[in-house]
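Read in order, the letters of the sequence shown correspond to residues 1 to 403 in full-length UniProt numbering.
Computed spacing ranges between beta-carbons, pair by pair: (1) W232 to F197: 21 to 29 Å; (2) R175 to T46: 50 to 58 Å; (3) E135 to I376: 33 to 41 Å; (4) R350 to N6: 55 to 63 Å.
In case anyone wonders, no lab produced these hints; they're calculated from the structure. All C-beta atoms in this analysis are idealised placements derived from N, C-alpha and C, irrespective of residue type, glycine included.
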Amino acid sequence: MEKGINLRDQILKWYREYYNGGLMKLVVIGGESLDILESWVVELFTNVSKGPLVKPKFQVEGPIWKAGKLYKLEAIKDVHILNIAWTLPCLRQDYLKKSEDYLAHLLGHEGRGSLYAFFKARGWATSLSAGVGDEGMHQSSIAYIFGISIHLTDSGLEKIFDIIGFVYQYLKLLRQVSPQQWIFKELQDIGNMDFRFAEEQPQDDYAAQLAENLLVYPAEHVIYADYLYEVWDEDMIKLILGFFTLENMRIDVVSKSIVQSQDYQLEPWFGSRYIEEDIPHSLMDLWRDPPDVDVSLHLPLTNDFIPCDFSIHADSPNNGPADTASPRCIVDEPLMKFWYKLDGTFKVPRANTYFCINLKGGYNDVKNCLLTELFIILLKDEMNELIYQVDCIVFVTEFFIHM
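Turn these sequences into a full structure, and let the hints guide you.
See the structure below:
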C-alpha cells in the first residue's frame, strides 16, 4: 500500500477488465488432428470469460513530452548515446504502405551519403539505427514513436548539437527531393524475398508471433503483413515527414560522465539521476530551417545486390550430380582453390560462400597477433558501406580469423 493505492486491488481490477476472450487472440500449431487440437483448446480455455469484442480505447491529453528540452541521463556502462525521438500518429491501419519504414530505411542507412557515413567519417559515431521499435511503448493505439539512436565517440559527445543539426539537414533533403518510388520498390522486393524464402522458426515462437499479429492485422494478412509493401503513397510519406519537427522532438543523451554537477534530478520510479536543460533558441531556429544541406549528404545509391533471378539449377544436367558427398574443386591455381558443392536437398536460391585467406605468420608472436586482429577490424570498417548494402537483403557477412 503506497499513496493510498492497493496494488493487489489494481491488479485484480485490470484482470477483470482486460483478461477475457473478447480481447484475446489464440493460435494453435500442432501435428495432431484439428479435432484433437480443438479439444485441448476447449479444455484449457473454458474458464476464460467471454467479454465484449470491443477493443478498449485510450487517450492522452496534451503532448507526451516537453518541447525544447534536452535530457542528460546517467549511464551505468561506459557509453555515449544520443537518442532523438518524434511522436507519429498511430499507423496500424496503414501497414500496407509502411511509410515509416521507408523513412527508417533512409535515416538509418549506412551507405555512401548517409547520416551514419557522414558522422563516422568525422569520428563522431560508431553506430546508428532509426525507426519505430517493435515494443508496445513504440507502437500503440495512441502514437508511434520514431527514434534515431546514435552511439557516439568521445569526440561525438562534444558535437551533439552539430549532429542534431545535420539530422535536420538530412530531413530537409528528404523534403526537397520528395519520396522516391524506386526506393519503395527495393524495400518491396526485399520484403517479398524475405517472406518467400523465410527459414522455419521454432513453432512456439511462430504461434506467439501470429497471435500478436491477429491483434493488429486482418486475418488474411496475419502471416504476410510484416513483409508487405503493397501501396505506394507519396503523400503519406510527406505527411509523416511533417511530424519531424522541433516541437515534436525529444532529445536524450546517455553517458556515464554526463551528470557531474549536483544540480540534477532523480527519476521517481528508479531513482536514476538526470539533468533537464533548455535548448538555446538560436539552435532551435537553425535546426528548424537549415540554410543549406551538406554536399556529402544524399540519397543512397541503388542496391545492385537485390536479386531478381530465383531459378533453381539443382536438376540441370549441366551442373553435374547434386548428391555428391564432397565438394569438387572447380578452380585450382597456385594462389587460389575454389571448391563447390551443388545443393540438391533444400533447393532454395541461397548459398553459403566462404573465402579463406592464409595470412602467413599472422600468429607467430604477440605483435603479429595484434596486427592481424587490427587488420580485420580495419577491413570491416573500410568495407562497411558495401557490406551494409548486402546486409539489407538479410545476407550474413562475417570476417573472422580461423586459427
